[in-house]
Amino acid sequence: MESTATFKVHRCRFVDYVPSAITALAFPPNPLPSLKGKNRAASLLPSKPATLAIGRANGNIELCEWSAQNVQTQAHQAWVLNKILAGPIDSKVDSLVFTLRDPYPLHIERAWDLSNLRLFSAGGGSELLEWDLETGAVLRSVSSQGGTIWCLAANPVGNLLAIGCEDGSVRILSLENDNLLHTRRFDKTKARLLSVAWGPPVYRNNTKSNTKPKSAADDDSSSDSDDEDETDWSDSWLVTGCSDSSIRKWDFATGRVVERMWSDKVRGQRTLVWAVAVLSDGTVVSGDSMGAVKFWDSRTCIQLFSFQGHSADVLCLTVGPEGRSVFSSGVDQKITQFALVNQTSPNDPGRWVQTVSRRFHSHDVRALATWPSYSIVHQSPPTFAFAPILISGGLDMSLNLCPCAPPSVATKKLPNLLSTGPVTTFEDSYNQRTPYTTGTSPAISVAGSAKILICRQERTLSVWKLDLIVNNVGNEEPIWFKVAEAELNPQTNLTTSAISANGRWIAISDFTETRLFKLEVHDDQYKLKRVKVLTSKLRTYMEGQDPSLGAAGLVFSPDSTRLIISSWKDSLIYVVELLDHENDVRVLRAFDHHVREEAVIRSTVDDESDDDMGVQQISRKRQHLAILRLAISQDGQWLASTDTLRRTHIFNLDAVKHHCSLPSFPHPVTALAFEPTSSTTLVLGLSNNTLQVFDVESRLFPEWSRVLSRSNPKRFTQLHDPLLGIAFDPGHDLSANVSSGTDQVPNPDKAPTGRHAIIWGSSWISRVRLDAPKAQDGAFGSSKKRRRSVNSAASKSLSMIDASEGAETQGQDAHAEESILTKYRPLLFLDFVTAQELIVVERPLVDVLRTLPPAYFRARYGK
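Those letters in the sequence shown? Residues 1 to 863, per UniProt numbering, in order.
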């Protein structure tokens, strides 16, 4: 009988990491339709949902991609974090707006490609920011010329941007020709403009009718005239919610207020209209600080319907994609749905009713969005092949997703893109909650042999040390102490950090600069000393060029002699040698294999003909991508890197040269690590919770791993939380058990002899056998007996017990020995400190909520 082996687990809740609140949500707009029927993309169904932008209270903007490949497949993980745009220090994001560079694309996927999107943000200051979505940098910064920016909105065509300012005026900025320029200023008012929305545009056909036959010369110029007609949408009016209880309607041509709509108010107090929206028929919707949601006729400016849908401020509104439902939320944490009913014909206005209220959040809700996005230029409600999704976020830091089909489709069976059940109406559907994480680069790192932990926040770095103390009963007890803390002065929020295995080196970076520190110990006193030569050495190595000094990823070699830096802007990977005794560094190489040139083809197509060929202009563009994840093998020979285009490269650090590249996977890589027992085996975790194994030396996917790669168990792929990390025991193969504290669970009599890894997400941990044998019969996940055994194991302490022994049933898959454990949540970090010693860092929501002001609560009779 083999000896018993256990893993000692350090369950850490002392890390004071505080996630940032969600303050804004945005989706790209839909392509514009042409009344001539020319724009094919506007009438096509998307292959998958577009990019979701999440604005945070710390100024960061998260870009999330849909985890499934198309709308025919359920996405159990929904939107997965792909990139973070680091905000300027001490900033926030209150408003987010996407626009399309080309609102008339030939293909709908082209409309939502990052190269065709422009993203604007504002938050608490007078600066309007435009972001470069490829490099993550601030592309432009424009002053409002009117004080604090309270709101912004793009017109339906996407060529103008309206901002509401502190001085009570609306500023109009032009987005044409890829610019951002002030063009107009409306009349000033005496109230702050808290919200803004554009009215439906008017299609103006300026071409004169001509009944004579078309000549050949007319055919030559038809394409140019058609292009001019395509942009002939004219804005007529817009509305703003103000701080003096009013909703003002502005004439776009004159820039003057033409009418006011007044909200209810309490004597001596003004009502704040926090949110406004406009429907395609011109109906104006408002939400105010009295908790009221009102519907207004834009022509007569008379109130049509009023609902006391909330008991506190309404902070956000969104319109359902079909235009027949409206959602509101705010301080009271409720999300309320309003629906249009009794509409028997297009000319029948119908009536709005309050249908249902649901509570998904534990604190204020600041932002709402729906997918597909609502298009105000569509006169008739569109039809969808799947249920729309409502996304909400607020001060509790977590994203909530819920199907939101209107009540009118209760009898229809629309496919649910979320794996929350077959019901898709907002009233009866189940929601899906996305736990908070530390981002694409873990905010926590561990120096295993030194037993030191570091934690990164927006501008601070904390260092913790594990020591043993003797408790009251005479036993040694592990205790973590904070030994150092540094408050940096970065230009943006910190983006990535790392600590060497021996605990002597710490690297940390924001978007503009990478800082290297040496952790010195004198008389049990820890001090961070900066090695300032890193910046100058990088500049010298680039021979006069201006290198991108900010890092998207950092990693030290296992022997602590090298630092790998992946830069933000120029997509280079720097290999830096650390000279310990001299406090010096030396740049060995800069790899540019993640930089690529793409051909940009611009076509002019005559849509009235059957031929799709036209005049093509080809230009070449150098594309820079964020290299977010790095991994080094245990022997320090191999380096793996992956970027936001799902490309993975392998480098030989002994020869300091590029070795090979992997095929692009259908899903983004969210984690990668080398197996320590075989330094040539690279394990990659994808966003849909599947694994791929690659042998870097032979440049092949091993035959022994193909069962795992081709047929991952459903209980992994159907988890709602994406895979965040892969960990290997540095001492031996993971055929052992894991125990927490003194509760030790012995191994089974016959431990597995295969290769194992621990994979984890925000709410789960599991052990996976990489070289699992083929399944016998039946599909994965079909065994009820196996599911019962997995749930039983998950309810106990964290124990990697081989469930395949004695639990074999027909249809059980080859991965039945792996149990999914949900005891530790929400997880921020997991890794091995030393052999058979595991650290698990949690940040419970209850502890985070203690750092926030109390949530709104109104006592009710009898409760």
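Please keep in mind that the hints were generated in silico from the structure rather than gathered at the bench.
By construction, the Cβ of each residue, glycine as well, lies at the ideal position given by its N, Cα and C atoms.
Hints should not be assumed to be uniformly reliable.
Taking lysine-lysine and the DSBU-like style, the derived pairs with C-alpha atoms no more than 35 Å apart in a straight line are [to be verified]:
1) Lys657 / Lys532
2) Lys465 / Lys529
3) Lys518 / Lys537
4) Lys482 / Lys413
5) Lys190 / Lys451
6) Lys482 / Lys8
7) Lys657 / Lys451
8) Lys532 / Lys8
9) Lys657 / Lys529
10) Lys412 / Lys451
11) Lys190 / Lys265
12) Lys532 / Lys518
13) Lys569 / Lys537
Label-pair distances were calculated between CB atoms; the ranges are [claimed, not checked]:
14) Gln491 / Glu543: 22 to 32 Å
15) Gly124 / Tyr430: 48 to 58 Å
16) Gln491 / Arg270: 31 to 41 Å
17) Gly255 / Thr540: 53 to 63 Å
Hints, one by one, checked against the model:
1. Lys657 / Lys532: holds, 27 Å
2. Lys465 / Lys529: Holds, at about 17 Å.
3. Lys518 / Lys537: holds, 17 Å
4. Lys482 / Lys413: This hinted pair is violated, its Cα atoms lying about 56 Å apart.
5. Lys190 / Lys451: Since the Cα atoms of Lys190 and Lys451 sit roughly 60 Å apart, the hinted pair is violated (cutoff 35 Å).
6. Lys482 / Lys8: Satisfied, since the Cα-Cα distance of roughly 21 Å is no more than 35 Å.
7. Lys657 / Lys451: holds, 33 Å
8. Lys532 / Lys8: Violated - the C-alpha atoms of Lys8 and Lys532 are around 39 Å apart, more than 35 Å.
9. Lys657 / Lys529: Status holds; Cα separation ~32 Å.
10. Lys412 / Lys451: violated, 58 Å
11. Lys190 / Lys265: Given pair Lys190, Lys265 holds - Cα atoms ~18 Å apart, limit 35 Å.
12. Lys532 / Lys518: Given that 35 Å is the threshold and the Cα spacing comes to 11 Å, the pair holds.
13. Lys569 / Lys537: Cα-Cα ~18 Å, so holds.
14. Gln491 / Glu543: 22 to 32 Å: Holds: the Cβ-Cβ distance is about 25 Å, inside 22 to 32 Å.
15. Gly124 / Tyr430: 48 to 58 Å: violated, 36 Å
16. Gln491 / Arg270: 31 to 41 Å: holds, 38 Å
17. Gly255 / Thr540: 53 to 63 Å: holds, 55 Å
Of the numbered hints stated above, those contradicted by the structure are hints 4, 5, 8, 10, 15, listed in ascending order.
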